[in-house]
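Asker: Read top to bottom, the protein sequences are chains A and B.
Letter by letter, the first sequence follows residues 0 to 294 of numbering that gives the first Met the number 0.
Letter by letter, the second sequence follows residues 0 to 294 of numbering that gives the first Met the number 0.
Be aware that one or more of the hints could be misleading.
For chains that are exact copies, the list does not tell them apart, and a pair is met inside one copy or across any two.
Said to hold, decoys possible - The calculated lysine-lysine pairs, modelled on DSSO-like cross-linking and capped at a C-alpha distance of 27 Å, are:
(1) K150 with K227
(2) K45 with K86
(3) K154 with K227
(4) K219 with K48
(5) K87 with K45
(6) K29 with K271
(7) K29 with K193
(8) K29 with K154
(9) K144 with K86
In short, the hints are calculated from the structure, not lab data.
2 protein chains.
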Amino acid sequence: MACLNPGDEIIVPEPAYANYMAFAISAGAKIRTIATSIEEGFALPKVEKFEELINERTRAIMICNPNNPTGYLYTRREMNQIRDLVKKYDLYLFSDEVYREYIYTGSPYISAMHLHGIENNTVLIDSVSKRYSECGIRIGALITKNEEIRKAVMKFCQARLSPPLIGQIVAEASLDAPESYYRDVYDEYVERRKCLIDGLNRIPGVYSPIPMGAFYTVAKLPVDDSEKFCRWCLEEFNYKGETVMMAPASGFYTTPGAGINQVRIAYVLKRKDLERALVILEKALEEYPGRVEEE
Amino acid sequence: MACLNPGDEIIVPEPAYANYMAFAISAGAKIRTIATSIEEGFALPKVEKFEELINERTRAIMICNPNNPTGYLYTRREMNQIRDLVKKYDLYLFSDEVYREYIYTGSPYISAMHLHGIENNTVLIDSVSKRYSECGIRIGALITKNEEIRKAVMKFCQARLSPPLIGQIVAEASLDAPESYYRDVYDEYVERRKCLIDGLNRIPGVYSPIPMGAFYTVAKLPVDDSEKFCRWCLEEFNYKGETVMMAPASGFYTTPGAGINQVRIAYVLKRKDLERALVILEKALEEYPGRVEEE
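Full structure from sequences and hints, please.
Answerer: Structure (structure tokens):
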């Protein structure tokens with residue numbers, strides 16, 4: 000609402016966090032999605048694919064890095080490609096980096112804020128939700144070097160009066176978390192990721208790329224329709240009195256039919272529970288009436 | 000956003016809470032204001048005045064009862080008048096009743112929810128902000144018997160994910176406040192109101208109606224421009240090292256020039272401080288270079 004006019008367009012690689020669509024519609028903006036595929040590990044599409052979508056109403060590119068739902072982490076080369084597009088067409092770059100502590104490559108993180116020459120185009124979205132497991136605190140931030148955007152956003156902030164007071168106090172206190180907190184959380188997620196991804200790829204017919212960031216993966220299942228499968232798991236299936244809950248990936252795509260056999264799995268459970276979930280998922284896939292064998 | 004389409008109109012008696020305008024603009028709705036006057040104690044205008052504004056884009060009437068900024072409390076007769084208009088033109092009635100515990104008439108409170116025959120048109124706005132002095136908690140409610148609106152609003156709620164968690168816990172606990180809490184707070188406001196309104200009307204050239212609800216009043220001052228006067232009080236004036244802060248009332252009007260010599264005063268200070276504020280205000284009005292004597 001601070002950067003775009005009604006009808007203006009934002010290009011978003013899909014699958015993408017579903018609320019981007021909801022909030023864009025609310026604000027009168029139009030999301031144009033650019034497909035990425037599980038076969039290519041959800042890598043960023045080529046420049047030409049972006050340029051096919053760019054027209055006189057295009058105002059922004061939006062990325063989530065590391066990505067929700069795929070866990071994909073943009074490489075230096077991909078970030079430079081985005082930078083060049085933003086610069087060439089004078090677009091905004093909205094970069095949702097709420098998972099940026101959760102990266103598993105060993106190389107330094109490339110933030111949108113690190114890209115030179117587009118400082119006035121970049122708007123970073125941050126939050127304490129993921130970093131300190133404080134989703135209910137409802138404290139986030141919009142960060143930009145563009146003074147005009149800051150002034151416009153401040154008007155919305157003033158209309159809103161204030162973010163939650165107690166949340167502000169909690170969030171500020173969280174900044175004092177010791178280095179050891181991050182290290183422990185990080186080590187835990189590295190373990191969980193290995194456990195989940197290895198386990199998924201051992202199940203016949205299942206495929207998951209190795210996500211390099213965040214705590215999600217999008218996996219392909221041997222099913223007719225993951226929406227139906229996820230519902231069936233909750234309503235009709237159990238293994239020793241337990242079942243698994245996953246997010247059907249189709250909700251993260253706007254292209255009809257895309258992601259129909261994919262699910263998003265969050266590895267926010269203890270490793271012991273993840274291991275049990277993998278056993279249950281394997282049993283569920285064996286029993287599910289809509290199982291489809293890969294061609 | 001759940002009830003109106005872009006360009007639809009909402010009739011609001013003015014002066015009105017300034018954020019209504021901001022949020023309506025954000026949502027693409029248009030506020031049409033209907034003037035009330037300090038001389039008539041901010042009573043609701045006649046039916047004809049509403050009907051002059053009603054056209055094919057009119058979708059709602061919005062009231063704040065008891066009123067911010069005027070402290071005005073709608074009478075049974077006025078509420079019936081609103082009910083009849085809502086019914087006749089099939090409008091929504093948005094009723095902001097966050098101050099409804101603060102009424103000083105002795106007669107029972109008439110809520111929009113008490114009006115028969117418009118149950119499906121009524122949307123009540125409530126909050127714990129005023130009732131328990133919990134503004135920073137950021138917990139409120141939208142209440143309606145209209146199931147279609149509830150379904151539409153639920154979509155916005157789901158997109159928002161959740162209100163602040165700790166605030167939810169605090170707000171729920173507040174509901175257990177004993178009867179004595181309300182009584183003490185009520186008695187305190189009755190005292191403060193008497194102290195403030197009597198004191199204001201004793202200052203030469205100042206006039207305030209007696210507000211029957213909330214903890215505000217809009218008073219007329221013998222000044223050229225209350226925006227200038229309020230600024231002057233903060234920047235240039237002091238009496239024994241102290242000054243007064245008030246809200247210029249013009250911000251609560253959309254009609255240009257309206258309320259130019261009015262201020263909104265909140266009586267949320269201790270009685271002792273209110274008494275000192277009245278002395279300071281009187282001194283400020285004596286010294287203010289832009290003082291205007293009533294014709």
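Asker: Go through the numbered hints given earlier and state which of them the structure violates, listing their numbers in rising order.
Answerer: 6 and 7
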